[in-house]
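Q: Since chain E is already given, all that's left is putting chain A on it; use the hints.
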Amino acid sequence: MSESRSRRWFLGIGGAVTAAIAACTSKAPPAPPSGLGAGIRPYGSRSRFEKATRFFRPTTIPEEASSRTPLQETYGIITPSSLHFERHHGGVPEIDPATHTLTIHGLVDRPTVFTVDDLKRLPSVSRIHFLECSGNSGSEWRGAGESDVQRAHGLTSCSEWTGVRVALLLEECGAQKGAAWMLAEGADACHLERSIPMAKAMHDALVAYAQNGEALRPEQGYPLRLLLPGWEGNTNVKWLRRLKLMDRPAMTRWETSKYTDLMPDGSARQFTFDMDAKSLITRPSGGMRLPGPGVYELTGLAWSGRGTIARVDITTDGGFTWTSAELQVPVLPRAHTRFRWTWNWNGAAALIASRATDDTGYEQPALPALVGVRGTNSTYHNNAIQVWKVAADGTITNGNS
Amino acid sequence: MGTANRAFVACLTLSIAMASHRALAQSPTYGVGRPATPEEIARIDIEVRPDGSGLPPGSGTAASGKAVYAARCVTCHGATGKEGPQDILVGGQGSLKTPKPLKTVGSYWPYATTVWDYVHRAMPFDHPGTLTTNDVYSVTAYVLFLNGIVGENDVVDQRTLPAVKMPNRDGFVGDPRPDIGVPPATSKKKPPREAPRPR
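Protein chains in written order, with the numbering used here: chain E, 1 to 401; chain A, 1 to 199.
Everything labelled a hint here was simulated from the structure, so no lab data went into it.
Fair warning: this is a prediction, and the values are worked out from it, not measured in the lab.
Where is the CB? At the ideal position from N, CA and C, for every residue including glycine.
Be a bit skeptical, because a hint or two may be false.
Said to hold, decoys possible - Here are the simulated DSBU-like cross-link-like pairs (lysine-lysine), alpha carbons at most 30 Å apart as the crow flies:
id	chain 1	residue 1	chain 2	residue 2
1	E	Lys177	E	Lys120
2	A	Lys100	E	Lys258
3	A	Lys165	E	Lys258
4	E	Lys389	A	Lys165
5	E	Lys258	A	Lys97
6	A	Lys82	E	Lys258
7	A	Lys165	A	Lys82
8	E	Lys389	E	Lys51
Unchecked claim - To give a feel for the contact side, a few chain A residues facing chain E, derived at Cβ under 7 Å:
id	residue
9	Val32
10	Gly33
11	Glu47
12	Leu96
13	Tyr111
14	Val164
15	Gly171
What the hints assert, rightly or not - Chain A side only, calculated, beta carbon under 7 Å to chain E, not exhaustive:
id	residue
16	Tyr108
17	Trp109
18	Thr114
19	Ala122
20	Phe172
21	Gly181
22	Val182
Bound conformation, chain E alone (with noise of 0.2 Å):
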């Protein structure tokens, strides 16, 4: 007895840890978690029992390629910083805030290098946002491509950026009459870089320094990345080292030949920024199995480029009798908005799909209207509406056709 007290006290600590000690090295079954739990750390991490990661398949070339965000796994309308969508074209270059600049160029009264501390020192602005690939949803133009929401639609993610107005810098630069385009440019390998209309610089654009509370993510463009509300994700260039101000744009190899949608003539759509109104269930979905009848909560997202959504409707007879979703609020503007709906699964086989409108009267597609106006080739932009199948045994699959 006294044996045993006195290895207690040269442990240090009470009865827990030898219980736990002693499960560690007998047979007996573990005793229930009790005593005191972890320490404080400088930087938090998620349970090592949560396991929702970004999705891609294994590729030669990591540095050019997309990770989606699990839409299945995410609650409320906040992307996670660590699993926000992933999109390069250069892979993500290690940037030391200290020495990256950005500088404002072309017509301007006032050529103007900015450190990230410069500004920082400028009014600030945060808004929450979307941020959507183009070529989101791209599997889906032919029918059912992808088995589940995180594969067909994991390129969008919604964040809240904090950083300077776009209108602001240039104004303290003195934008020339004559500035009707705005080239950005990343400090990437391949220095990506996209010509936007002064329009959109002027009215909501901004210079992120911070994305959920604490500075850029390296994927996300840190020090600086250029957002554009509501426009396709590759506008909103990364690790911008430089806005120039033009009379007309650069023509970019990402403005002509790759971010341009092809149309059933032949022809090319350019310059298409805006993503369309959208809505996806993420649960239940695809690759999901529903355990039996009863009530289900139907939740998802939707959102839309060009303003707010006004309403999500829900059917779950493939279309033929709509109901309106409650709307989580705040309602943000271009930001991924949460939607829910209380299902009562009779047990039989069902189509469930959701349908955004948004404040402009724009009601999201279905995927055969959609393609009859423009074909199968566009390759980006798809945002039809997305319909999963679900089986009289439950089980859920992409019900797209």
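A: Chain A only, in chain E's frame:
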């Protein structure tokens, strides 16, 4: 100082502030940042536009580009630009309206200057920025030659490259959306956003 006097001084201060704001409307409000020198702008001012602005002195031909291509491009783009495994550069002309369009430099890219710009800024993929100016001219000429757009010994330079007419030069239109999703009754006819044309 009485209340009236204080109000007067406040008013005067405000008018002076407003007057100077008007006078300095073109001046920076915050004065943050420092002037960019011509030298530091030149280091990053790399874009080349369809009118040829941004192209440096230098030249090349397809004949001289063949060796550059074999050394620096062939691994990703294949022996004749048609094999991949990465982007196909050659062929596809006439395929854009078929069920299997092939978008290449020859079938899709509207401006030859963009080829120069992209090779210069981003290629080779794993070592961008390592080609000499004449290498970039040469390999641009070679890719154009493989597509039947320039001759093997045509000199490509600041003057000739912007004059090259690409087969799909007129293949692009502006954004007509919303092209669906708006009921005809409420549809506001707005002219499509013009695809800007270089002058």
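Q: The structure should be examined with respect to each hint, and the outcome stated for every one.
A: Results of checking the hints against the structure:
1. Lys177(E) x Lys120(E): 28 Å, holds
2. Lys100(A) x Lys258(E): 17 Å, holds
3. Lys165(A) x Lys258(E): 19 Å, holds
4. Lys389(E) x Lys165(A): 50 Å, violated
5. Lys258(E) x Lys97(A): 17 Å, holds
6. Lys82(A) x Lys258(E): 18 Å, holds
7. Lys165(A) x Lys82(A): 21 Å, holds
8. Lys389(E) x Lys51(E): 26 Å, holds
9. Val32: Constraint on Val32(A) satisfied, holds at 5 Å.
10. Gly33: Nearest chain E Cβ about 4 Å off; hint holds.
11. Glu47: Constraint on Glu47(A) satisfied, holds at 5 Å.
12. Leu96: Holds: closest Cβ of chain E sits about 4 Å from Leu96(A), inside 7 Å.
13. Tyr111: 5 Å, holds
14. Val164: Because about 14 Å separates Val164(A) from the closest Cβ in chain E, which is outside the 7 Å limit, the hint is violated.
15. Gly171: Since chain E brings a Cβ to about 6 Å from Gly171(A), closer than 7 Å, the hint holds.
16. Tyr108: 5 Å, holds
17. Trp109: It holds, given that the least Cβ distance between Trp109(A) and chain E is near 5 Å, below 7 Å.
18. Thr114: 6 Å, holds
19. Ala122: OK, holds: Ala122(A) within 7 Å of chain E, min 4 Å.
20. Phe172: Nearest chain E Cβ about 4 Å off; hint holds.
21. Gly181: 5 Å, holds
22. Val182: Check passed: Cβ of Val182(A) comes within 6 Å of chain E, closer than 7 Å.
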